[in-house]
Structure formats: structure tokens, C-alpha cells
Amino acid sequence: MSTELITWLVVVLGILGFGMGSMLVAYRRPLGATVLFPAPVQELSAPVTDRAREYFQAGVQAFESGRYAQAIDQFSQVIALEPTCAEALYNGGLAHANLGNDNRAVQILVQASEGYQQQGTKAGLDRVKYALEQVAARQHQIRAAKAGQGRG
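Residues 11 to 162 (the working numbering) are what the sequence shown spells out, left to right.
Please keep in mind that the hints were generated in silico from the structure rather than gathered at the bench. Each residue gets a CB set at the ideal place from its N, CA and C atoms; glycine is no exception. Mixed in with the good hints, there may be bad ones.
Unchecked claim - Below, computed lysine to any residue pairings styled on SDA-like, alpha-carbon distance capped at 25 Å: (1) K132 x S75; (2) K139 x Q128; (3) K132 x P57; (4) K156 x V116.
What the hints assert, rightly or not - Label-pair distances were calculated between CB atoms; the ranges are: (5) Q71 x A155: 29 to 39 Å; (6) E14 x Q144: 52 to 62 Å; (7) T17 x E64: 15 to 25 Å; (8) E124 x Q71: 24 to 34 Å; (9) A133 x L23: 50 to 60 Å; (10) D60 x Q80: 17 to 27 Å; (11) R114 x I16: 39 to 49 Å; (12) R153 x I16: 46 to 56 Å; (13) T59 x T17: 48 to 58 Å; (14) R77 x Q151: 21 to 31 Å; (15) I25 x D60: 21 to 31 Å.
Using the sequences plus the hints, can you model the full thing?
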């Protein structure tokens with residue numbers, strides 16, 4: 011192959027790669043310019059196995075690094091081992107919300123509230139209530155913005 015062809019291929023493939031990468035980043039980012047929930051719960055309110063704790067800590071680290079899909083995977087591993095782990099459910103719900111998966115976030119947050127209710131953990135219930143209110147407020151803003159666009 012000639013040097014010009016190789017150079018051309020490198021440039022074109024580089025542009026395509028950059029474009030695809032940008033699209034993937036945009037797709038994986040939350041709705042809006044900011045993350046709705048910047049921090050997960052870091053402490054467990056009930057005892058779990060050592061393996062579940064490892065997954066939980068990995069999920070917290072991924073969440074704090076903005077890798078919400080990876081955090082969801084880690085918190086799902088905790089839930090597979092400890093189905094009533096309210097904090098794993100709660101953090102997974104927050105991660106879904108940060109990715110813009112609000113319907114799934116609400117489902118998981120409701121499960122977390124059931125876990126906190128069984129534990130009798132009022133602080134956890136209050137956290138879930140606040141998170142659900144934040145997701146509902148965002149949905150209201152999205153609907154209002156869409157309604158405003160329809161009129162213009």
C-alpha cells in the first residue's frame with residue numbers, strides 16, 4: 011500500500027473512531043448537564059457476607075468514579091448474594107437515575123424502601139423518599155420542556 015493510502019485510512023478511521031466515541035459518551039451520560047445523585051451510600055446498615063461487601067465496595071468506587079453502568083453491575087452482584095441489602099438496591103437505583111433510566115431507578119428505589127422498611131431504618135426510608143422526589147422532579151422538568159417545545 012502507498013503511504014498516502016495508509017495516511018488517508020488512519021485519518022478517516024481516527025475521525026470515525028472519535029465520532030463513535032463521542033456518541034457513546036453522549037449516550038451513556040445522564041439526561042441534562044449534571045448528575046442527579048453525586049454520591050452513593052457507603053455504609054451498610056445490615057451485615058452481609060464478605061463477598062457481598064467486596065462487590066458493594068467495588069460498586070461504591072465505580073459510582074464515585076462516574077462509571078454508573080459498572081456500579082449497577084456490582085450492586086446487582088450484591089443483590090444476587092443478599093437480596094434484601096437495601097443499600098445495594100438504593101445505590102443501584104441512584105446509578106440508574108444517573109444514567110437517565112428513571113423508570114428502572116424508581117422500581118429499584120421502591121425495592122430499597124421495602125428493605126429499609128423491613129429493617130426499620132427510618133434514615134434509609136427518608137433517603138429513598140428524597141431520591142424518588144428528585145427523580146419525579148426531573149421527570150416533571152422533562153415533560154414541561156417537551157410541552158414547551160411542542161408550542162414553539
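39 to 49 Å as the expected CB spacing between I16 and R114, which holds or is violated: Given range 39 to 49 Å: holds, Cβ gap about 46 Å.
Agreement of K132 and P57 with the hint, judged by alpha carbon distance not exceeding 25 Å: holds, 17 Å
Pairwise beta carbon distance, R153 to I16, judged against the given window 46 to 56 Å: holds, 51 Å
Supplied distance hint 24 to 34 Å, evaluated on CB atoms of E124 and Q71: Between E124 and Q71, where Cβ atoms are some 26 Å apart, the hint holds.
Hint check for Q151 and R77 - Cβ pair distance inside 21 to 31 Å: holds, 25 Å
Distance restraint hint 17 to 27 Å, applied to the beta-carbon atoms of D60 and Q80: holds, 21 Å
Supplied distance hint 29 to 39 Å, evaluated on CB atoms of Q71 and A155: holds, 34 Å
Restraint status (C-alpha distance of K139 to Q128 at most 25 Å): Satisfied, since the Cα-Cα distance of roughly 16 Å is no more than 25 Å.
Hint check for D60 and I25 - Cβ pair distance inside 21 to 31 Å: Violated: the Cβ-Cβ distance is about 48 Å, outside 21 to 31 Å.
Pairwise hint evaluation, S75 against K132, where the allowed Cα distance is 25 Å at most: violated, 28 Å
T17 and T59 - C-beta distance against the hinted 48 to 58 Å: Holds: the Cβ-Cβ distance is about 56 Å, inside 48 to 58 Å.
K156 paired with V116 [C-alpha distance capped at 25 Å]: Since the Cα atoms of K156 and V116 sit roughly 21 Å apart, the hinted pair holds (cutoff 25 Å).
Figure legend: structure checked against the earlier numbered hints; hints not met, in rising order: 1, 7, 15.
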